[in-house]
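Number of protein chains: 2
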Amino acid sequence: MLTDLESRVVDDDHQALKLWLRLLSCTARVEAQIRSRLRSEFDTTLPRFDLLAQLERNPDGLAMRELSQRLMVTGGNITGITDQLEIDGLVVRSPHPTDRRSFTVKLTAAGRRQFKKMAVTHEQWVIELLSGWSAAEKAQIHGLLAILKNHQKEQS
Amino acid sequence: MLTDLESRVVDDDHQALKLWLRLLSCTARVEAQIRSRLRSEFDTTLPRFDLLAQLERNPDGLAMRELSQRLMVTGGNITGITDQLEIDGLVVRSPHPTDRRSFTVKLTAAGRRQFKKMAVTHEQWVIELLSGWSAAEKAQIHGLLAILKNHQKEQS
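Chains as they are written, first to last, in the numbering used here: chain B, 1 to 156; chain Z, 1 to 156.
Some hints here could point you the wrong way.
Copies of the same chain look alike in the list, so a pair counts if it works inside one copy or between any two.
Here are the simulated DSS-like cross-link-like pairs (lysine-lysine), alpha carbons at most 30 Å apart as the crow flies [as the list claims (entries may be wrong)]:
1. LYS149 with LYS18
2. LYS18 with LYS153
3. LYS106 with LYS153
4. LYS117 with LYS18
5. LYS149 with LYS106
6. LYS116 with LYS106
7. LYS117 with LYS106
8. LYS18 with LYS106
9. LYS18 with LYS116
Honestly, the hints are just simulated from the structure, not real lab data.
Only chain B is shown next, with the shape it has when bound in the complex (with noise of 0.2 Å):
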């Protein structure tokens, strides 16, 4: 399939711009897919999710804007998020260790928990919604990522 496709790539000036739509609608799916079962499932939504599974890559806690710039999504108010996390009692605020302007968010043991439950089912969601493609074109396609992301990096 590969090398039909690989022989028929034209000179199409709008090939970036269709494969854009297609990436944005094909992720678009699976996101909303996924806000979707949060909200029935476990009655949360996807920056919080997304908030607590940064904060569980780093135990230590992370001060604010550390947060803000690792969240995968948009569309949530991070400080209305952490608020009210807080409130359920998932996430604890400390002062910052250097800047005492700041504060450091971390997980509570309950946060910690509550996020393994609903992680372990997000990644059954994760593997079932992807499951369209093989082991082999999965691994294809994390390549293929991989130099988009690196020229990211490069052009940042």
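Keeping the supplied structure of chain B fixed, place chain Z upon it in accordance with the hints.
Below, chain Z alone, put in the same frame as chain B:
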């Protein structure tokens, strides 16, 4: 490169999740660039641009419900955006031909002109932002995304 990748495909349980996070972050990075440039160069937002783009592809107009189904990005209040675009003279609402409780939204001549001006620049940005991929790589990823898209259709 692809052969290398295929040969080192491992039965990694986390393959789908890692791929999804990479897909999300690459897409989000391009999207963030486009949002930021739309704001600085055209003083507009991605949901507004997206809405105009859908109307440009549908010259006979779209009912609000059709419009909301076709939008590629989330995060905008469609009625609010349409109101604002109508105030700006870029779109116009007319009574829906068959559904008396609904409206059809169309581009005005000014809306079409303004969209076309932005679309040319937007396409240049996309070409630049995806320029990390060669034409052959773009064709490969387009083909791989087609597989996922068809699978998504079967599932829904």
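Verification of the supplied hints:
In this assembly of identical chains, LYS149 and LYS18 lie within 30 Å of each other by CA distance both inside one copy and across copies; the values are 19 Å within and 14 Å between. For a Cα distance limit of 30 Å, the shortest separation of LYS18 from LYS153 qualifies both inside one copy, at 23 Å, and across copies, at 18 Å. Taking the shortest Cα distances, LYS106 and LYS153 sit within 30 Å of each other inside one copy (28 Å), while across copies they are farther apart (40 Å). In this homomeric assembly, LYS117 and LYS18 come within 30 Å of each other (Cα to Cα) only across copies, at 18 Å, whereas the closest approach inside a single copy is 38 Å.
Proximity of LYS149 to LYS106 under the C-alpha cut-off of 30 Å is restricted to the intra-copy arrangement: shortest distance 28 Å within a copy versus 38 Å between copies. For the identical chains of this complex, LYS116 and LYS106 are intra-copy neighbours only, at 15 Å inside a copy versus 47 Å across copies, given an alpha-carbon limit of 30 Å. With identical chains, the CA atoms of LYS117 and LYS106 are at most 30 Å apart within one copy only, with a shortest distance of 18 Å there and 46 Å across copies. When the C-alpha separation of LYS18 and LYS106 is checked against a cutoff of 30 Å, the pair qualifies only between copies, where the shortest distance is 23 Å, while the shortest distance within a copy is 41 Å.
When the C-alpha separation of LYS18 and LYS116 is checked against a cutoff of 30 Å, the pair qualifies only between copies, where the shortest distance is 16 Å, while the shortest distance within a copy is 38 Å.
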